[in-house]
Amino acid sequence: QQPVQSPQAVILREGEDAVINCSSSKALYSVHWYRQKHGEAPVFLMILLKGGEQKGHEKISASFNEKKQQSSLYLTASQLSYSGTYFCGTENQAGTALIFGKGTTLSVSS
Amino acid sequence: DTAVSQTPKYLVTQMGNDKSIKCEQNLGHDTMYWYKQDSKKFLKIMFSYNNKELIINETVPNRFSPKSPDKAHLNLHINSLELGDSAVYFCASSQDFRGRMNTEAFFGQGTRLTVV
Chain A
23 QQPVQSPQAV ILREGEDAVI NCSSSKALYS VHWYRQKHGE APVFLMILLK
73 GGEQKGHEKI SASFNEKKQQ SSLYLTASQL SYSGTYFCGT ENQAGTALIF
123 GKGTTLSVSS
Chain B
2 DTAVSQTPKY LVTQMGNDKS IKCEQNLGHD TMYWYKQDSK KFLKIMFSYN
52 NKELIINETV PNRFSPKSPD KAHLNLHINS LELGDSAVYF CASSQDFRGR
102 MNTEAFFGQG TRLTVV
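In the order they appear, the protein sequences are chains A and B.
Residue 96 in our numbering sits at position 74 of the first sequence, and the numbers go up by one each step.
Residue 3 in our numbering sits at position 2 of the second sequence, and the numbers go up by one each step.
The shape of chain A in the complex, shown without the other chains (with noise of 0.2 Å):
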């Protein structure tokens, strides 16, 4: 039961948004996000617990729509350094690991 991602790609100029959207067909009870640059370890971001706890960086932002099992990422004015694979995981079934979506890359150039 992998998370959908969408979109796939965004290529984006230093200044823009970005929106990054994950969606489960089951019920969530969190939802996390990850970072991953080219050739590195993937890297936490936020994760957003029912309820509407948040954990994670201050400037990233994200939602979390429980009744639609939905999550979005916002990232705003986007910097070089945003560059990387974007992934969202949400709990296996027994709730003992992260099933990742495939991902979204997003380019950020100047």
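None of these hints come from the bench; they were simulated from the model.
If you're wondering where the values come from, they're calculated on a predicted model, not measured in any experiment.
Among these hints, one or two may not hold up.
As the list claims (entries may be wrong) - In silico DSS-like cross-links for lysine-lysine, where the CA-CA straight-line distance does not exceed 27 Å:
hint, chain 1, residue 1, chain 2, residue 2
1, A, 48, B, 42
2, A, 72, B, 45
3, A, 77, B, 10
4, A, 77, B, 45
5, A, 72, B, 23
6, A, 77, B, 42
7, B, 23, B, 42
8, B, 37, A, 59
9, A, 59, B, 45
10, B, 42, A, 81
11, A, 59, A, 124
12, B, 42, A, 124
To be verified - Simulated DEER-style distance windows between Cβ atoms:
hint, chain 1, residue 1, chain 2, residue 2, range
13, A, 87, B, 17, 46 to 54 Å
14, B, 28, A, 60, 45 to 53 Å
15, B, 60, A, 41, 29 to 37 Å
16, A, 98, B, 78, 43 to 51 Å
17, B, 57, A, 65, 36 to 44 Å
18, B, 14, A, 47, 22 to 30 Å
19, A, 101, B, 31, 34 to 42 Å
20, B, 17, A, 48, 37 to 45 Å
Beta carbons: idealized from backbone N, C-alpha and C, even for Gly.
We have chain A; now place chain B onto it with these hints.
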């Protein structure tokens, strides 16, 4: 200090060989994971260990076996390597979640395995 470290970083080997990848975390976490990332960047969960007990085992071939000598280490042993095993393997750890994933996971730098 590196929070989650894997060795080796690169591994090139022939088909049919047996190899191991080591992973260590110094965060005091109770749960460790192995993920496989293929050429399309799809991150697939393979195993997780909680307090030295295997708690999930996704549909991976039984040629792959995780071994955890203690809660700070989770090694991955692969028998009879095949071409399709070529990928980047990531180790990760997180705090005990008591049945819910509500803490961040820390990933190692990855091991790029190439089977020739």
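Taking the hints in turn, this is what the structure says about them:
1. 48/A x 42/B: holds, 23 Å
2. 72/A x 45/B: Holds, because 24 Å separates the two Cα atoms, which is no more than 27 Å.
3. 77/A x 10/B: violated, 31 Å
4. 77/A x 45/B: Between residue 77/A and residue 45/B the Cα gap is close to 24 Å, so the pair holds against 27 Å.
5. 72/A x 23/B: violated, 35 Å
6. 77/A x 42/B: holds, 25 Å
7. 23/B x 42/B: Judged against 27 Å, a Cα distance of about 22 Å means the pair holds.
8. 37/B x 59/A: holds, 16 Å
9. 59/A x 45/B: Roughly 17 Å separates the two Cα atoms, so the pair holds.
10. 42/B x 81/A: holds, 26 Å
11. 59/A x 124/A: Holds. Residue 59/A to residue 124/A sits at ~15 Å (cutoff 27 Å).
12. 42/B x 124/A: holds, 7 Å
13. 87/A x 17/B: 46 to 54 Å: Given about 50 Å between the Cβ atoms, the range holds.
14. 28/B x 60/A: 45 to 53 Å: violated, 25 Å
15. 60/B x 41/A: 29 to 37 Å: holds, 33 Å
16. 98/A x 78/B: 43 to 51 Å: Holds, at about 45 Å.
17. 57/B x 65/A: 36 to 44 Å: violated, 23 Å
18. 14/B x 47/A: 22 to 30 Å: violated, 39 Å
19. 101/A x 31/B: 34 to 42 Å: At 36 Å between Cβs, range holds.
20. 17/B x 48/A: 37 to 45 Å: Holds - the Cβ-Cβ distance for residue 17/B and residue 48/A, about 40 Å, lies within 37 to 45 Å.
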